[in-house]
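4 protein chains.
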Amino acid sequence: MKPTNKPTIAPAKGRLALLTPGMGAVATTLFAGVEAVKRGLAEPIGSVTQMGRIRLGKRNENRSPLIKELVPIAALEDIRFGGWDVFPDDAYASATHAQVLEQDLLDQLKEPLQAIKPMEAVFAPEYVKRLHGTHVKKAPTKRELGEQLRADIRRFMKDNGCDRAVMLWCASTEVYIEPSAVHGDLASFEKGLQDNDPAIAPSMIYAWAALKEGVPFANGAPNLTIDTPALLQLAKEQGVPVMGKDFKTGQTLMKTTIAPMLKARMLGLEGWFSTNILGNRDGEVLDDPGSFKTKEVSKLSVLEHILQPKLYPELYGHFDHKVTIHYYPPRRDNKEGWDAIDIKGWLGYPMQIKVNFQCRDSILAAPVALDIALFIDLAARSGMKGIQEWMSFFFKSPQHAEGLYPEHDLFIQQTKLKNTLRHLAGEELVTHLGLDYYED
Amino acid sequence: MKPTNKPTIAPAKGRLALLTPGMGAVATTLFAGVEAVKRGLAEPIGSVTQMGRIRLGKRNENRSPLIKELVPIAALEDIRFGGWDVFPDDAYASATHAQVLEQDLLDQLKEPLQAIKPMEAVFAPEYVKRLHGTHVKKAPTKRELGEQLRADIRRFMKDNGCDRAVMLWCASTEVYIEPSAVHGDLASFEKGLQDNDPAIAPSMIYAWAALKEGVPFANGAPNLTIDTPALLQLAKEQGVPVMGKDFKTGQTLMKTTIAPMLKARMLGLEGWFSTNILGNRDGEVLDDPGSFKTKEVSKLSVLEHILQPKLYPELYGHFDHKVTIHYYPPRRDNKEGWDAIDIKGWLGYPMQIKVNFQCRDSILAAPVALDIALFIDLAARSGMKGIQEWMSFFFKSPQHAEGLYPEHDLFIQQTKLKNTLRHLAGEELVTHLGLDYYED
Amino acid sequence: MKPTNKPTIAPAKGRLALLTPGMGAVATTLFAGVEAVKRGLAEPIGSVTQMGRIRLGKRNENRSPLIKELVPIAALEDIRFGGWDVFPDDAYASATHAQVLEQDLLDQLKEPLQAIKPMEAVFAPEYVKRLHGTHVKKAPTKRELGEQLRADIRRFMKDNGCDRAVMLWCASTEVYIEPSAVHGDLASFEKGLQDNDPAIAPSMIYAWAALKEGVPFANGAPNLTIDTPALLQLAKEQGVPVMGKDFKTGQTLMKTTIAPMLKARMLGLEGWFSTNILGNRDGEVLDDPGSFKTKEVSKLSVLEHILQPKLYPELYGHFDHKVTIHYYPPRRDNKEGWDAIDIKGWLGYPMQIKVNFQCRDSILAAPVALDIALFIDLAARSGMKGIQEWMSFFFKSPQHAEGLYPEHDLFIQQTKLKNTLRHLAGEELVTHLGLDYYED
Amino acid sequence: MKPTNKPTIAPAKGRLALLTPGMGAVATTLFAGVEAVKRGLAEPIGSVTQMGRIRLGKRNENRSPLIKELVPIAALEDIRFGGWDVFPDDAYASATHAQVLEQDLLDQLKEPLQAIKPMEAVFAPEYVKRLHGTHVKKAPTKRELGEQLRADIRRFMKDNGCDRAVMLWCASTEVYIEPSAVHGDLASFEKGLQDNDPAIAPSMIYAWAALKEGVPFANGAPNLTIDTPALLQLAKEQGVPVMGKDFKTGQTLMKTTIAPMLKARMLGLEGWFSTNILGNRDGEVLDDPGSFKTKEVSKLSVLEHILQPKLYPELYGHFDHKVTIHYYPPRRDNKEGWDAIDIKGWLGYPMQIKVNFQCRDSILAAPVALDIALFIDLAARSGMKGIQEWMSFFFKSPQHAEGLYPEHDLFIQQTKLKNTLRHLAGEELVTHLGLDYYED
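Residue numbers (the UniProt record's numbering), protein chains in the order written: chain A, 1 to 440; chain B, 1 to 440; chain C, 1 to 440; chain D, 1 to 440.
Bound conformation, chain A alone (with noise of 0.2 Å):
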C-alpha cells in the first residue's frame, strides 16, 4: 500500500512571517510561549508539530519519528511574529492584560514580546458589538483597507526578512451572517470592496489582502470570512492553501471525542446540555448575541455531523442539543465548560455522562495556533492549494469540499492528518488491519 505518488516538498528555508490579525489573549499566548520554549523556559505542550510522533510501518518495527522529523516543518527559530490590534499594547502589554501566562514568566520575555507592536487593524464596530478599539485604519473603501493590509504585509516581511508568510485569525468572533450574492464570486467580492458592500467582514478583508499576496490564510474563529466561494475561487488561482473555521478547544474538543464513542459503541442520546463560563474578552465579545449566534452554529453543528441522525434515526433522530455561554469574570481565561449528557442503552435505558472542563482557553489554543500556521506553511511548500481538509482536527467547524460533509469525529480526523503526512512522506498508509501478525 506505498502510495506512488508522493509530492515533491520545498524545504523550509528562511523565515517565516506569522501574521495575525487580533493580539488579545491567544495570539500573545502563543508568541510568549514559542519565545519561552526557543529559550528553553517551558515545553511546547499540546502542539503537535512540535511534540507529536508518528507510527510509521509496522507496530513491531518500532518506527515513530516526530513528525517533524518526517516532514520539514519550519522551526521556531525562523518565526517572526507581527499583528494587527484594535488596541496599540504591544504583546507585552496585551499579554500583562490577558492575564492567561503568570507575570513572572512574561517579565522574562519582555524584551521580545515588547518588540511586537501591533499594526493598525481593520474595524467595524457592527461586526463586534462589544468591543471599541481606537488603533484603526482608516480608508474611504474596503478596497483601500485591503490595500494597507497588503502594504503591512510586504512591509512586515521586508523589514524581519522574511521568505515566506502565513496569516491566522486570532481576534473575535464576527456577528453572524449568511453568504449573500457579493461573496459568489470574486468579482463580485472584489466590486463590494469597492462599493463598500456591508456584507464584507473585516475578516474578509484581511483574508483577502493576504490571498492577494500569495500568503496562505487560516481562520481561528467561527466568522464567515474565507468560507465563500468568492474568497475560496482567489486561493485556488492564487495557488495558495486556506483553512477555518474556529480554533477546536475546550467543549468542543471534549464533545467530539465524546460524540464518537458514543456512535462507536451504538449508545444512543436523548440530550446533551453545554454550558460554558468564562470571563475573558472573548466572552465579553460572546455576550452579544450576534457574535454568539456565530459561535453558536459553530458549535451546534458537531454532534449531527458526527451522529448522522439519518443513518441512524432510532439512536440519534431526537436529540436535543443545547450549547449555552456566560461571561463570568471570576474565571477570567480559565473557561470552564459543564456538560450534561442523557444517553440510552440496552432495550433504551437511560444513563448520564457529566463532564466538568476546567481548562484555560488561550492555554489550549495557542499551540493549535502553532500547528494550524506550521501545516499551513508545510501545504503551500508542498503545492497544495484552496481547502486544506486533512487539517480539519484542529478545527471547530471544518471547511471541506462541496458536495462532502464535514468530518468532525476527533478520531476520524487524526487519522486523515497522519495519514496525510505519511503520504507527504511517501510512507504506507496505516489501516489498523493487521491480521498478518497472526499469520502462521
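Honestly, I wouldn't trust all of these hints.
No copy is singled out in the list; a pair is fine if it fits within one copy or between any two copies.
Derived BS3-like pairs: lysine-lysine, alpha-carbon spacing no greater than 30 Å straight-line [stated by the list, open to error]: (1) K236 - K58; (2) K13 - K58; (3) K310 - K117; (4) K310 - K58; (5) K38 - K6; (6) K310 - K38; (7) K310 - K138; (8) K6 - K110; (9) K110 - K293; (10) K58 - K6; (11) K322 - K293; (12) K385 - K322; (13) K293 - K129; (14) K322 - K129; (15) K129 - K310; (16) K158 - K117.
These are computed hints drawn from the structure, not numbers from a lab.
Note that the structure is a prediction, hence the values are computed from the model and not measured.
Starting from the structure of chain A, add chains B, C and D where the hints point.
Quick look at chains B, C and D alone, frame taken from chain A:
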C-alpha cells in the same frame, strides 16, 4: 487498495448455542434483552452487530449498509441461550434478583427466561471468595469436571438442535494469579487437570472444555483464563477462535476515549484518579482484595499503552494513576464512576477534567456480550483461529500476539474492527486520506 | 426562659379545603401523594408537619415529640383538595401528563384523583405568555372574576362539608411587574379591580377572593401577588394570615444551605454561577423572558441578604452572581442544577465548590406545599394574621415586615420556625447555650 | 432574656505563646499567614475571630460589632509562635517544602519564619507509621519526656516574654486506639507515664505537659489524646480549658452543612459516598491503615449524630455511609473531595446530589487553628475549665460532657458559639423568634 485475499465465509445457517458460565446480571440482561428484541418490545441499543453501519467506498458514495448486511452474522432468532451457575435460579429468577431490568419487562418474558435453567457450575471458593454457591459439580479431578462440561455442551446442542456454539465467560472475577509452568503448554496443562493443580482456575476448565468441543471461547472477565500458552496452543490445534479479556464498559470505556484525545492533542498528564461505586454482586466480589487485584491490573494497564510514556517522556513519563472500586449497595447495578484528571497544556499550565459517569453495568455489558458472541462465531465461520485481536474494541484488556503491545485506544480499535470487516467482505480499506476530493 | 404568653389555639376539628390555583405538576403530586399516604402506599417524606420532630427542653431530657403532637395540625384525612386550571383535565389526567409519579402509583389512585376536577381559571395570557388555556372564566371586570372565585370557594366548601379553607398558589410564574399605585392601598386596588387595571395580575384576583372569604393565602410562585400594601391591608382587616413567595426547592434550597456555611466560616466569595435545566411546563413558562425575570429576581436576592456585603466588604463586596435556567425537555420534571462556586480562604487563596443537584421539581415542592397549607391553617387557628415570617423556611423569597430584611439563611429560618412552634406550645425556646451541662 | 450571670473576663494583656506540636503544612500556613496579616500583605480570611461579626439585639437595631470588639480576644501582634517537630526544618523551610503558599509570599516573610525553629519532638514510630523523623527527644520514660516538654514550655515563655500560652496539636494523625485502663484516671495515667505504658501516645504526653503547666490544650487531629477521663480530670483540677478533636475543614465541613439541610427538610438518605484525594504529608500518613482508622471513625460518626436514625427510622434508619481517602500526589495540599449523596423525597422518590470540593487543606485549617487558639485563651481568661463544647463549631469530632451526644450540625454549633459569646458579653441571647416585629 482493494484487498484480493477475501476469505470464504460459511453462511450463518442453523441454530447457534450461546453458552455462558455465569447466569448473573450480565448474562440474564443479555438473554432477556434478546428475547425482548425478538418480540419487538425494545431496541438492541448498544449493539454494533445489530444497529451498526459501516461506510464503504468514498464519502460521497453514501454507501453505509448495516454491518449485518455486509457480513453474515447469525440472526437473533437462531440463538439458543444456556448457562452454568453456582445458584440454581433460572434466568427469570436470577434477572429478577439482579434488579437491572424493570420487573414489568421481565414479566413479559417470564416464559422464555424460566426455560433457561442453569447447569451445575464448576466452582472453587478459593478463586471467588465472596460467593458461596451450592449448585456445583463434584468430581475427583479437574479433568473430570472438564469432561462433565463437555458433556453439558454436547447435550445442550443436541437438546436445542444447535449446529454451532460459542462460550462466553460472564461469571465473577477470579482472584489474581500469574501464569506458571502448568499454563506453559498443553501437555502440562492437561496433566495439571488430572493432578488437580491449584493454579488451574475454574474458568480455565470451562475454556478447555469449549476448545476440546471446537467451540469458540471469549472471556468477559479479567481472569487469566484463555490468555496462556497452553490454551492458545489448544485453540490453534483445534482451529478455534478465542478472545479476551474483560468487557470494556463504564469507566474504562470512558478512559480509553479521553486518553486518546489527550495524546492526539499532545496534552500532558499529571494524574488520573478513578473511583467507582457499585452495589451489585460484581461489586461484592470485587470487595475481596484478590479479585480486585485482577480487576485493577486490567484497568491500570490501559493508560500506559495508550499514552506510551517511553515515546513521550515529557508528557507521560510521570503520571499517577489510581483506580479504586467501592462496594456501595445503594447504587445496585447502577455503577457510577468519577474521574479526576489532571492535565497540562501549553508551557505546562495545569487544567482539570472531571467525569461523572452514571451508568448501568449490565446495560453496557449486555450488548457487548452479544457482539462478542456473534463476531467470534463469524470468525469461526471465516476460518480464523487463535486470538482475534480485531475484536479488541470490546475488551478492557485485549489479548494480542506475542511481541506486540495491546491496542487500548478505542478509536484505533474501532478502525481495526471496521477495516477487518471490510476486508472480510472484500471491500476497500478506509484510510481517511481523501486528497482526491480536492483534485481538480 | 419559659414564655408566659402562650396563645390559645383552636383545635383542628372538621374538614379543611386545600384549594390550589393551578393543577399542574406540583399540585397533582401533592394531591396524589396525600392520597397515597392515606392509603399506606407511601411515606410523606420531605414533609416537616408529617415526619418532623422537635427537641424540647435540655438535650439530655430526650424529649423530641413529633411536631404534630406538639401543636394541633390538621389531619391528612380531613383535607379536601380542589383547584382551578386553564386546562380542563382532572387531577388524574393532569398527573399522568406531568410524568412525575409512576403510572403504576397513579393508577392505584385513579378514583380519588379523577374526582378532583378543576374549576375554570382566571387567566390573562399577557401574564403567562407560553400557556394557551381554554378552561377560563369570562367576565366584564376583574372584580366580577373575583366574585366568581369567591362563589367557587363557598360552593366547594359547602359541597365538601369543609369548615375551613386555605388557598395556595401552585400555578405558573407570571411576568415581572413592580408594585404601582393601584397596589398601594385597598381602596385603589378594589377600584382597579372594577376598572380592569392592567397591573392587577390574575394571581392577585385569587388572593383578593381568598381574603374576602377569610381564607388564608400562600404564594408558591415568585409573582408579586400578595406582597403589596393593598392586599396586606386586607389580610390584616380580615384577620387572616398570608405568606409568600416562591417554594424554596432545588437550587435555591442548596444555595441557602451552602452560603450560610461560607459566611459562618468567613470564607470569601468571588462568584457563584448557577445553571438549571428542566423540561416540564414550568421550564417552558420560564423560557419566556418576562416570567424568567420574576424568577431571576427571586433567585438572585438570596445571596446578598445572607452574605451581607455591607458588613463584610472584604469577603462579599464584589462577587459575581449569575442564575440561568434552560428549558431542556429530556430532563422533564427531573430538574438538574449545577453550581460553580468560587470562594477564597486564608490570605485570599482561591478554592472551588461544584454542586450537581439532580432533583425532581415537584417531588421537592409537594411536601413544602403541604407544610405551608397546614402551617398557615395552624396560624389562622392561633389568631395570627398578616405576614407569617416564621414560615420563611419554605420560601425562596420570604415576605417580611417593612423595615426588616428578609431572612434567607435556611438554618436561621429553621430556628425561627422551631422556636415559634415551641412558643405556640408554651415550651421554652432553645438557644443552644448549654453551659449548664458543664457546671459542677 | 438578658442573662444576669455575666462572667468576669480577664483582659488580653501581655504576650500569648501559641505552641504547636507539629510544624508542617497547617502550622506553618498559620504562622506565615499571621505574619502576612500583621504586615498588611493579606487578609485573615476564614477567621471568625478576626473578621466575624455578631448580631446583637433586634434585627432592626443594626448592631453587628466585630466579635473581637465584643469580647477581649488576644491581638495578633501579641502572639509568639513556637513548635515541636520530628524534622529540624525551621518554619520557612517547612513552609517552602509544604508548597501551600506561594514562594513569593514566603520570601517576604523569610525573617520571622526562619526565627521559628522547632523544638525536638516527642515521637513514637508505632503511632505514625509513615513518618521517619530524626529530630526527637530521648528519655528512659514517658514521664521524663513529658518533663522535657514542660521545660520547653517554660523556656519558650521566658525567652519570648509571654504571659500566657496555649498548645494546639497540629501534628499527624496517630493510629487508632480505644481508651483503656491507663486512661481511666489521672493516677493510672501518671503511673503509665512512669512505666512507659504503650497505650500512652505521644500526643497524650504533650497534653499532659501542657495541663501540668496550666496551658490550655486543643487537638486538631482525631487522636484520642485529651479525650480521656484521666486528662479531663487533670484539666479540671488545674482549672484549664481543653477541646478537641480534629479540625473541621473540607469534606466534613461540607457534610455537616448539607446533612442538616436534609434533616431540616425531612429528606431521606439512602447513601453517602465520600472520597478524598490529597497529596500532602497528611495524605501520606493516612495511607497507613492505622492512622486512617482514626480518621475514619472521626469522619463517619458525623452523619449518625446529625440525622438521628433512632428518631427518624424511615428516613435515616438504613443509609450506607462510606468514607475513603486516597493519597494522590498530583493534588499536593490541594485536597479534593467528591461526595455522591443518594437521597429520597416525597413518596420515596430518589434524587442525587454530587459535590466536588476543590479545596486546600491548610488554607482551610489555618484560620480554624487560629480561632481555636484565641478562643481557648479567651475561655481561660473567663475562668472556664474542662471541655469547651461551645467551640464544637471548629471540630470534626467535638468533645462533650458524658451523657450528651456530640453536636455536629454546623449551624447549631454556630448558634451555640454565638450565644456563648453573647452570654460572655452579657448580651441577650438570640432565639430568632421575632414575633414582636409583627405586633400592632
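For each hint, the structure was consulted:
1. K236 - K58: between (37 Å within a copy, 23 Å between copies)
2. K13 - K58: Neither, since 32 Å and 37 Å both go past 30 Å.
3. K310 - K117: The answer is neither: 51 Å in one copy and 41 Å across copies each exceed 30 Å.
4. K310 - K58: Intra 37 Å, inter 18 Å, cutoff 30 Å: inter-copy only.
5. K38 - K6: neither (32 Å within a copy, 52 Å between copies)
6. K310 - K38: between (49 Å within a copy, 24 Å between copies)
7. K310 - K138: neither (49 Å within a copy, 48 Å between copies)
8. K6 - K110: For K6 and K110, the Cα distance exceeds 30 Å both inside one copy (44 Å) and across copies (64 Å).
9. K110 - K293: Answer is neither: 37 Å inside a copy and 47 Å across each miss the 30 Å cutoff.
10. K58 - K6: both (20 Å within a copy, 21 Å between copies)
11. K322 - K293: both (13 Å within a copy, 21 Å between copies)
12. K385 - K322: Neither. Shortest intra-copy (36 Å) and inter-copy (47 Å) distances fail the 30 Å Cα cut-off.
13. K293 - K129: both (13 Å within a copy, 24 Å between copies)
14. K322 - K129: both (24 Å within a copy, 22 Å between copies)
15. K129 - K310: The answer is neither: 38 Å in one copy and 34 Å across copies each exceed 30 Å.
16. K158 - K117: within (16 Å within a copy, 63 Å between copies)
Hint compliance for this structure: hints 2, 3, 5, 7, 8, 9, 12, 15 are broken, all remaining hints hold.
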